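Visitor: Those protein sequences? They're chains U and H, same order as listed.
Under the working numbering, the residues of the first sequence are numbered 1 to 428, in order.
Under the working numbering, the residues of the second sequence are numbered 1001 to 1428, in order.
Hints are not guaranteed to be accurate.
Straight line, CA to CA, 30 angstroms or less: simulated BS3-like cross-link-like pairs of lysine-lysine [what the hints assert, rightly or not]:
| # | chain 1 | residue 1 | chain 2 | residue 2 |
| --- | --- | --- | --- | --- |
| 1 | H | Lys1178 | H | Lys1084 |
| 2 | U | Lys214 | H | Lys1027 |
| 3 | H | Lys1178 | H | Lys1002 |
| 4 | H | Lys1027 | H | Lys1017 |
| 5 | U | Lys214 | H | Lys1017 |
| 6 | H | Lys1416 | H | Lys1335 |
| 7 | U | Lys84 | U | Lys178 |
| 8 | H | Lys1002 | U | Lys27 |
| 9 | H | Lys1178 | H | Lys1214 |
| 10 | U | Lys84 | U | Lys2 |
| 11 | H | Lys1335 | U | Lys2 |
| 12 | U | Lys335 | U | Lys416 |
| 13 | H | Lys1416 | U | Lys17 |
| 14 | H | Lys1335 | U | Lys17 |
| 15 | U | Lys214 | U | Lys27 |
| 16 | H | Lys1002 | H | Lys1017 |
| 17 | H | Lys1214 | H | Lys1335 |
| 18 | U | Lys27 | U | Lys2 |
| 19 | H | Lys1084 | H | Lys1002 |
| 20 | U | Lys17 | U | Lys2 |
| 21 | U | Lys416 | U | Lys84 |
| 22 | H | Lys1416 | H | Lys1084 |
| 23 | U | Lys335 | H | Lys1027 |
| 24 | H | Lys1027 | U | Lys27 |
| 25 | H | Lys1416 | U | Lys335 |
| 26 | U | Lys2 | U | Lys178 |
| 27 | U | Lys27 | U | Lys17 |
| 28 | U | Lys335 | H | Lys1002 |
Don't read these hints as lab results, they were simulated from the structure.
What you are looking at is a predicted structure, and each value in this text was computed from that prediction instead of being measured.
Number of protein chains: 2
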Amino acid sequence: MKIGLLGCGNVGSAFIKLLIDNRESIKERCGEDLELAAVVVRDLDRERPEWVDPALLTTDARSVVLAPDIDLIVEVIGDVTASKELIEAALQASKSVVTANKALLAESYFELEDLAETVGKDIFFEAAVAGGIPLIRSLRVSLVGERLSRVTGIVNGTTNFILTRMYEENLSFSAALKLAQELGYVEADPRADLEGFDAAAKAAILASIAFGRKVRFNDVQCEGIVHVRESDVNFARRHGFVVKLLAQCERIVVRSEDDEFSVRVFPALLPETHPLAAVRDAFNAVFVEGEAVGELMFYGRGAGGLPTASAVMGDVIDAAQNLRFGSTERRTRTKDARIVDYARLTSQFYVSVEVVDEPGVLASVAEIFGANEVSISSMEQIGLADEARLVFLTHPTTEGSIARTLEGLRRLRTVKEIGHSMRVVTEG
Amino acid sequence: MKIGLLGCGNVGSAFIKLLIDNRESIKERCGEDLELAAVVVRDLDRERPEWVDPALLTTDARSVVLAPDIDLIVEVIGDVTASKELIEAALQASKSVVTANKALLAESYFELEDLAETVGKDIFFEAAVAGGIPLIRSLRVSLVGERLSRVTGIVNGTTNFILTRMYEENLSFSAALKLAQELGYVEADPRADLEGFDAAAKAAILASIAFGRKVRFNDVQCEGIVHVRESDVNFARRHGFVVKLLAQCERIVVRSEDDEFSVRVFPALLPETHPLAAVRDAFNAVFVEGEAVGELMFYGRGAGGLPTASAVMGDVIDAAQNLRFGSTERRTRTKDARIVDYARLTSQFYVSVEVVDEPGVLASVAEIFGANEVSISSMEQIGLADEARLVFLTHPTTEGSIARTLEGLRRLRTVKEIGHSMRVVTEG
Chain U
1 MKIGLLGCGN VGSAFIKLLI DNRESIKERC GEDLELAAVV VRDLDRERPE WVDPALLTTD
61 ARSVVLAPDI DLIVEVIGDV TASKELIEAA LQASKSVVTA NKALLAESYF ELEDLAETVG
121 KDIFFEAAVA GGIPLIRSLR VSLVGERLSR VTGIVNGTTN FILTRMYEEN LSFSAALKLA
181 QELGYVEADP RADLEGFDAA AKAAILASIA FGRKVRFNDV QCEGIVHVRE SDVNFARRHG
241 FVVKLLAQCE RIVVRSEDDE FSVRVFPALL PETHPLAAVR DAFNAVFVEG EAVGELMFYG
301 RGAGGLPTAS AVMGDVIDAA QNLRFGSTER RTRTKDARIV DYARLTSQFY VSVEVVDEPG
361 VLASVAEIFG ANEVSISSME QIGLADEARL VFLTHPTTEG SIARTLEGLR RLRTVKEIGH
421 SMRVVTEG
Chain H
1001 MKIGLLGCGN VGSAFIKLLI DNRESIKERC GEDLELAAVV VRDLDRERPE WVDPALLTTD
1061 ARSVVLAPDI DLIVEVIGDV TASKELIEAA LQASKSVVTA NKALLAESYF ELEDLAETVG
1121 KDIFFEAAVA GGIPLIRSLR VSLVGERLSR VTGIVNGTTN FILTRMYEEN LSFSAALKLA
1181 QELGYVEADP RADLEGFDAA AKAAILASIA FGRKVRFNDV QCEGIVHVRE SDVNFARRHG
1241 FVVKLLAQCE RIVVRSEDDE FSVRVFPALL PETHPLAAVR DAFNAVFVEG EAVGELMFYG
1301 RGAGGLPTAS AVMGDVIDAA QNLRFGSTER RTRTKDARIV DYARLTSQFY VSVEVVDEPG
1361 VLASVAEIFG ANEVSISSME QIGLADEARL VFLTHPTTEG SIARTLEGLR RLRTVKEIGH
1421 SMRVVTEG
């Protein structure tokens, strides 16, 4: 079984190492003899780890994806446009494809899957969501007969690292971000992580697989962590919560119609006792709830060369066995997901408001909540210099009501600033 | 695709319910139309849930496993002897088999797997270890290219429930056992759970799959929880540990020879911060460590009709797709695992000794530790009526040294009783 590898960065070179170290044991255990036939790179002269055979290197990607003796293409370039063309060419040339490219999948998942189905080959992408955790195959195969109600994940290691440091070391957002940058956890352009787009791309893939419906990146309601402040995290800690950036995919059962789905990314207050609350630093975890299976959790490393390469290797072996038998994993998603009207969703909310410290202010603020039918569960007033911070936890209310409440508060003369409002996720 | 179901108890009837509720969505998502063709029961007259079609019931198991129009046999009887004959007959008649029978697998795993390989069909058993958790497929497929170093599981819900109640509610072993019995968590004969045999059967299966070597039930060193006392659990709690019954499979790297493996079941002191420490009551979890993938954890319900039926359903769909393509999952385990000499393994130990409270006792006890080269990390003396309890945590030492120490202590006149000695599992 001959493999063409596109890309030889962090993940690509780790994959080569794994292949060299484990080729014999894979042959013994699965009967697959995996041979690396070519490695496509941009720059032939760049220094590579000593286990990368220079004789395999080439800059000619097209001839690799079209080579008649190559059976399987592994794509770990990351770039969206170039990767898409190469993967399409590979599938059209009847090769199976393994990719770790979540940005590409977020844009072109269904298109590529349809093409794979047409040519009768596989496209696998375990590494695209939650790195080394065997999550995608579990959802695609083991749980495909299960009616899942909710999938809640911590799927972005960078933001989870920042929130963990804010929580555990009392760091400000910018100090925690700086620490993450020093440790190399942050991309050159940090927006995809910090504004939740990376998590949203993964949420769309997760929801599509979990519910068997097409969910697109643009269907995902997305909010990042750039507005989370020390004071928010401190409040959470004092009240038995942690703050986590969640990717949450939910089935909303609508009577006598097809189900609707909500797919969202948002920072949330999560009870300390929730299994996801213990997921620290750059680790990932996904909590899955199903009607028959109950609660499941998958936990592990969401990024890094070796864990990602490990997930790629699992896909390669699975795809190789399918190629040998002429079989393929058939998973069709013919229907678009009906996306819920997000304004109708309900949850508890955390709302923090900075006000002028003068008589009557609390009453005027509370009135706005009441006028929008938002019921308050608890309130805390924190005195600052010549102002005060009012922090509210609400009873369950709709997104629409909260939006109108914040709008109303913004118009009050006595309100100086409205901090971050965050959803409170309760257990189960 | 026609299914013959052997057994219609808790799991069997839950499986029928799942099949009825999800048949359409499975057809839509995987293209498999799963039809229940026959249900083998012992007693036709017993009352069944209303969703079980009486027309499908039969007592003639052999004609079902041999029926030419049945493609796939699901075995959820549980009985070892009868199940084995039926599964063999089904495989010989070229049917794929899904089973949840861990006791059978512990005895006959390799034999049945070889038979499946010979006839070119599948035998799947996701439900046999850790119930609804998609663990087996993750190890067999996703992680088959990974060099795993250690697999540590909480795989018996009954004992985990008992230990959780002892820890959280200060119950004695017998009070916690009584509570578990009242809740229906305990089998008529509780020994398989309490003495660790159930966990040992699962450990043998886990180790075989994780390491790609044959590990048999008799290879597993096994110790249960019947000797764990309130005072042991209290000591653990005071010192930041929990007590858990662990199934631990380890690769012991031996220079210039084939690796050796240790596969053990034992109650252990586990740091509160370990991911497995938070696994409460009847939940199961398995912590997996690999060279490339790093740390993974799988968590969920280890038992119960619906979670088990969910795992069976995942296997059925996978096997059905393989049947359609004429493919099969090839996983050969040709070599026996080299089992380590257990006496050479090292760990830290907890040792509790009840002694006569008189001068010089501590010195004589400590001398026995020293004479066997066991170094003490900490000691606590707890005064009782006319005696005292000495509790030791040792530095890492061998199993052999601890066995000799306990033997020496037993011979001391001043030692009244030696309590449970338990391994202390440190992080990573």
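Visitor: Verify the proposed pairing of Lys1002/H with Lys27/U, using a straight-line Cα cut of 30 angstroms.
Guide: Violated. Lys1002/H to Lys27/U sits at ~34 angstroms, over the 30 angstroms cutoff.
Visitor: Quickly compare the C-alpha distance for Lys1027/H and Lys1017/H to 30 angstroms and report which way the hint goes.
Guide: With a Cα-Cα distance of about 16 angstroms, the restraint between Lys1027/H and Lys1017/H holds, given a limit of 30 angstroms.
Visitor: Is Lys84/U within 30 angstroms of Lys178/U, Cα to Cα?
Guide: Given pair Lys84/U, Lys178/U is violated - Cα atoms ~34 angstroms apart, limit 30 angstroms.
Visitor: Would the pair Lys335/U and Lys416/U pass a check requiring their Cα atoms to be no farther apart than 30 angstroms?
Guide: 47 angstroms, violated
Visitor: Against the 30 angstroms threshold, does the CA-CA distance of Lys1214/H and Lys1335/H hold or violate the hint?
Guide: 6 angstroms, holds
Visitor: Could you grab the alpha-carbon distance between Lys1178/H and Lys1214/H and see if it respects the 30 angstroms cut-off?
Guide: It is violated: about 37 angstroms lies between the C-alpha atoms, which goes past 30 angstroms.
Visitor: Just to be careful, I want the Cα atoms of Lys1027/H and Lys27/U compared with a cutoff of 30 angstroms; is the pair within it?
Guide: 35 angstroms, violated
Visitor: Compare the distance between the alpha carbons of Lys214/U and Lys1027/H with 30 angstroms, and conclude whether the hinted pair is satisfied.
Guide: 17 angstroms, holds
Visitor: Hint check: Lys84/U vs Lys2/U, CA-CA at most 30 angstroms. Holds or violated?
Guide: 21 angstroms, holds
Visitor: Is Lys335/U within 30 angstroms of Lys1027/H, Cα to Cα?
Guide: With Cα atoms ~13 angstroms apart, Lys335/U and Lys1027/H stay inside 30 angstroms; holds.
Visitor: Lys1416/H and Lys335/U: Cα distance at most 30 angstroms?
Guide: 72 angstroms, violated
Visitor: Are the Cα atoms of Lys1335/H and Lys17/U separated by 30 angstroms or less?
Guide: Between Lys1335/H and Lys17/U the Cα gap is close to 25 angstroms, so the pair holds against 30 angstroms.
Hints 1, 3, 6, 7, 8, 9, 12, 13, 15, 21, 22, 24, 25, 26, counting from the list given before, are not met by this structure.
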